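Chains as they are written, first to last, in the numbering used here: chain A, 3 to 469; chain B, 3 to 469; chain C, 3 to 469.
Keep in mind the hints are simulated off the structure, nothing from the lab.
Please note that the accuracy of each hint is not assured.
Copies of the same chain look alike in the list, so a pair counts if it fits in one copy or across any two.
Here are the simulated lysine-lysine pairs, DSSO-like style, with alpha carbons at most 27 Å apart [what the hints assert, rightly or not]: (1) K125 / K221; (2) K221 / K380; (3) K380 / K54; (4) K219 / K428; (5) K54 / K125; (6) K284 / K128; (7) K13 / K287; (8) K125 / K380; (9) K125 / K284.
Treat the numbers as computed from the prediction; the structure is a model and nothing was measured.
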Amino acid sequence: IERPRHQGMAKNTCMRWRLPLVCLLWEVAMIVLFGVFVRFGAEADAHWEEEKREMNLTSDIENDFYFRYPSFQDVHVMIFVGFGFLMTFLKRYGFGAVGFNFLLAAFGIQWALLMQGWFHSFKNGKILIGVENLINADFCVGSVCIAFGAILGKTSPIQLLVMTLFQVTLFSVNEYILLNLLHVKDAGGSMTIHTFGAYFGLTVTRVLYRPNLEQSKDKQGSVYHSDLFAMIGTLYLWMYWPSFNSAISDHGDAQHRSAINTYCSLAACVLTTMAFSSMLQKKGKLDMVHIQNATLAGGVAVGTSAEMMLTPYGSLIVGSVSGIVSTVGYVYFTPFLESRLHIQDTCGIHNLHAMPGLIGGIVGAITAAAATEDVYGKEGFIKAFDFTGVYQTRTPSIQGGFQAAGIVVSLLMAFVGGAIVGGILKLPIWGDAAAENCFEDDVYWEVPEDEESDAYHMHNPDKPASP
Amino acid sequence: IERPRHQGMAKNTCMRWRLPLVCLLWEVAMIVLFGVFVRFGAEADAHWEEEKREMNLTSDIENDFYFRYPSFQDVHVMIFVGFGFLMTFLKRYGFGAVGFNFLLAAFGIQWALLMQGWFHSFKNGKILIGVENLINADFCVGSVCIAFGAILGKTSPIQLLVMTLFQVTLFSVNEYILLNLLHVKDAGGSMTIHTFGAYFGLTVTRVLYRPNLEQSKDKQGSVYHSDLFAMIGTLYLWMYWPSFNSAISDHGDAQHRSAINTYCSLAACVLTTMAFSSMLQKKGKLDMVHIQNATLAGGVAVGTSAEMMLTPYGSLIVGSVSGIVSTVGYVYFTPFLESRLHIQDTCGIHNLHAMPGLIGGIVGAITAAAATEDVYGKEGFIKAFDFTGVYQTRTPSIQGGFQAAGIVVSLLMAFVGGAIVGGILKLPIWGDAAAENCFEDDVYWEVPEDEESDAYHMHNPDKPASP
Amino acid sequence: IERPRHQGMAKNTCMRWRLPLVCLLWEVAMIVLFGVFVRFGAEADAHWEEEKREMNLTSDIENDFYFRYPSFQDVHVMIFVGFGFLMTFLKRYGFGAVGFNFLLAAFGIQWALLMQGWFHSFKNGKILIGVENLINADFCVGSVCIAFGAILGKTSPIQLLVMTLFQVTLFSVNEYILLNLLHVKDAGGSMTIHTFGAYFGLTVTRVLYRPNLEQSKDKQGSVYHSDLFAMIGTLYLWMYWPSFNSAISDHGDAQHRSAINTYCSLAACVLTTMAFSSMLQKKGKLDMVHIQNATLAGGVAVGTSAEMMLTPYGSLIVGSVSGIVSTVGYVYFTPFLESRLHIQDTCGIHNLHAMPGLIGGIVGAITAAAATEDVYGKEGFIKAFDFTGVYQTRTPSIQGGFQAAGIVVSLLMAFVGGAIVGGILKLPIWGDAAAENCFEDDVYWEVPEDEESDAYHMHNPDKPASP
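Excised from the complex, chain A in its bound form (with noise of 0.2 Å):
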């Protein structure tokens, strides 16, 4: 075992037949799925002038479209090049944080629009899709994307479609039980997005534990340029949030009130982290894992409650406690769950998304139950809470506890499912990567020539930089 790390060892990664065959036998179950099942809602079908007369609307300027479909364009480039770049700080994972993001991404938000479409907007026997079921697909998938930042780097492409399969699942009747069960409010997903993807992913990898990791250790740190890449990630995470946080809030001061509350949160959350980053590190240097990340915390933990009157000065406090919160996680809490719980979370999805969100639902709770028909209006109040029919009589303190509740929910799916669909990606037949070859993209990538042997001459331990 003189040069382990290109022997490949015993393990089979070879993708030829497996990916192929797990990627067109479900492109063709979603054809046939939507062949049955899904066709255009009222507002992008062609009997929409009809609809328009019916609904008495006298624009076309009132479709759905046009309140919504900014929000979703910015949405769609946080789930593929926010979640996607944010993962290529790796040196040599680049391919596979964006390629295999694009990947699962692609895949989760049809089998979303599916789930989601059954529980959602099921009308005779069909699913009836405009542009917030596209939004919604990419939220779910969202969570995917939080999930597979705990592995990354670990898994071969078809564990992560399998985890997409079921997460999504999983995800659309967590969201169901929260949103319609619960009646729980949550536009910006604080629980049923960032507290449940994350702690799926975290129990995941926990269940995918590999005691010889730190075989690949040279492999998990960035190069200068990955983490400029990263911070392409980042930086449309955190400019488009507003945007994830508002896009399917009601229309007028909802979305314009989620989106204010938003861009308070994230500004504060940077201050803090920038804060607590030089604090932390002996020098007082500031690191880029914390800038990359829990600058984004701020975001995550006002999911819940941006919709609501939590003030702009509420969201100033909610980023900043977030932005601490998270990037002392990095710190403090990634390596003590990688030593002593054995949970090896590659992003630090724990710091980012879990935390925060349960944060997020916290804060959620606490500014429903606090909630005032002097604050909303009388209107205002039972719009946002949407107090109608069976509901008319829910206080906000039941609401509240409710808000609470979903969290419980949504924790209980998130390690139980993790847990489960952890079993069945430790199933040695997925072809995902020995210890040593994690974190490389030459695995399941055709790598440039050239830069590859450079790379290796470069990080190789045993050999020196130069002769």
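With chain A held as given, fit chains B and C onto it using these hints.
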């Protein structure tokens, strides 16, 4: 001839007077022509207040700006960042890819505003422009960016400007024939943009065939980071393609529907591309060339039909098929085209734009021919195909025939136009580089000192990487 | 003193307590001030339903959110990705460019919301904010990002935060004088953002003159990949500039017109920049510095006049001229400013923002002075220049005079303010680096191990690249 690469051979590639002359002459021409012809359309003119009253509009939000501006910005990003960065995959041609794309697009949109304006927005001797003209100008230039992909790395900036002048002109004529004379629908430009642009570019590169191009073979590949830069281009094209295909569709349901169809098609395309990329490589590894390009074929292939009632599952089928065709093209057709037909297609536009564009035209013809009043509704049917005025009696099957005719016209225009323009570009006055200096920024750009030497050091095959 | 670069000299650049202290103190101050002053404006407040009735609005789409949010997001991208990445061109200062820009902008927008709020949105003791405030806060911070360009690589993060505090304050005062006291039009901020920001930054860098800066000369350049990162910044600024100049214009035709004028101006600017970049270099090669910067001058130069009836050809002329002026500036003025006036302008903001900003102010004054009721229409004329109330009797030529006065006021504020703030930043307590450590991320950032050594290895002039 010991170090032929750095001698520049006999060719004079100095741009010092030629490039400034062309740029300045043409910009002066633009200023004069704009001065004579271009004015603000009613919705951008300060007389809008009066116009609003006349048009009986109750709100400023009815201004076309609010229907199309977000899509316009997405299209703008596709043209400049999308196409620009997609082509940065070459290890030593990043400046040329992004920079020359910037140059030709910036010139092209000015000339396109004029050409398309004369055909479509000419009233009382003036071209009246608004946001839709900006989108159409970007579209037109998109076809030049596509053609640029075929000749990437092998032409001088002057050749690109000359080609842009002619291609924009021919594009506008072709577009006029299709949209006005044949009354064809092609909102996403499968025919006018992709089929025309790609076959035009392929014809030009055929005429400019360089028999000794293998002399710069070592520079035709990518390096690790350049592949990541290219993925920025890929993802922005992929994410914003729903905006591309819906940008100039009718207000309301048509824009909404176009976005949904494109979203679905692109998602499916990613899965089949990944499947075939893995299946067609010996070791089952994924190839970044496919991921960067073939994943986009789904957007091209629904360009014509996206605004029709293609339905989501129809879009999945079209996307799946085009991903397969495109990936197979990269593996088998591109080498064949080069070795047998002497078509040197740097970016493989034949696979990404030409074949998917043809698919798009055909799918559009079929979808149009299959349209019924039942599916579209009585009003929707007339509105979708604009069966008014002299076209009142056109039936779906006749429309399908005209759509098919549109493909043929686009192909003819591309072949004939490409041959003529290729001939012009072959004149020995434009300062293109010798074969051994192709794909090398150093010819037309000031390249930073130390990296150049470093790169030379790394890539020079005659010299070992470390002594 | 054998290896002076890695000794840090006598200067103490440790940020461990100073940076956290400043960040946290200021964030606490923001929270307190927001708590006392900032509330949601009517369109973002839950009382909106009642408000809507009072304002007689029939639809949620009339909420200002839908008129301005897409433009806001574009502006947001310009501030954080545009300015951030534009400054990553330095080979070893990418973290500082993107990271410090992130820090100062995130702080600046909070303070700007307050400062601008007190001046423009203060009602009954509260600042009522909406999407327009977010845009204005981003604009205000844009002027700080511009000033940052002049001192890039030479200051500590604390200095940047101190400068931001003062510059935002001065910006708001200057803006108030221009917009409210002089009743000047400046929607795209040629005067308030660019002229003020640039001359402020140039004055600051003059006061902070470092006579020994040539000690870090080798790090003031770019490398191949850093130039591509910078192009991301360039292109996002270029593409979204139409949104920048139209974001806060009046609803309807004014926003529409601003976007068109800016689109035209920027397109023309690219051609003249390329022309002069080639013409002014000995071998006619294009220089990335010009392409990255001077191509944007066209956006700056129509900042004031874009919403006026500048007309498309007028925009082409302005864009063409500003591209020439800016490129010539990079070739001739920047070296002159440094050697003769001791103005060390890292990014050349004098060429990109100062001179084009002045052009923009002058073009705005001329365009305003030349306005006629004939061109604008009776209502349009009054609406465009807001000639209502006490300004009812203002004539175009008087308006032109006031516009010109706005330039002078902005210049005075910039010079005086910059001198004072420069003096404060000169105090030896802020932890700025010694001259030989400028343009080096290593001072304030944890830089990944192996690439640093690699870079050191490559760039160390005392050591050959290969032994």
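Measure nothing new, just compare the shortest in-copy and cross-copy C-alpha distances for K13 and K287 to 27 Å and report within, between, both or neither. between (41 Å within a copy, 15 Å between copies)
Within, between, both or neither, where K219 and K428 count as close if Cα-Cα is 27 Å or less: within (22 Å within a copy, 44 Å between copies)
Intra/inter-copy verdict for K125 and K221 if alpha-carbon distance must be at most 27 Å: neither (51 Å within a copy, 57 Å between copies)
What label fits K54 with K125 when the C-alpha limit is 27 Å: within, between, both, or neither? Within one copy, since 19 Å is at most 27 Å while 32 Å is not.
First find the shortest C-alpha distance between K125 and K380 inside one copy, then the shortest across copies, and answer within, between, both or neither for a cut-off of 27 Å. between (32 Å within a copy, 23 Å between copies)
Within a copy, between copies, both or neither: which one fits K380 and K54 at a CA-CA cutoff of 27 Å? This pair counts as between: shortest inter-copy Cα distance 14 Å, intra-copy 30 Å.
Can you give me the call for K221 and K380, within, between, both or neither, at a CA distance of at most 27 Å? Neither: 58 Å inside a chain and 62 Å across chains, both beyond 27 Å.
Give the relationship of K125 and K284 under a CA distance limit of 27 Å: within one copy only, between copies only, both, or neither. neither (60 Å within a copy, 47 Å between copies)
Quick one: K284 to K128, C-alpha cut-off 27 Å, is that within a copy, between copies, both, or neither? neither (60 Å within a copy, 43 Å between copies)
Hint check: violations occur at hints 1, 2, 6 and 9; the rest are consistent with the structure.
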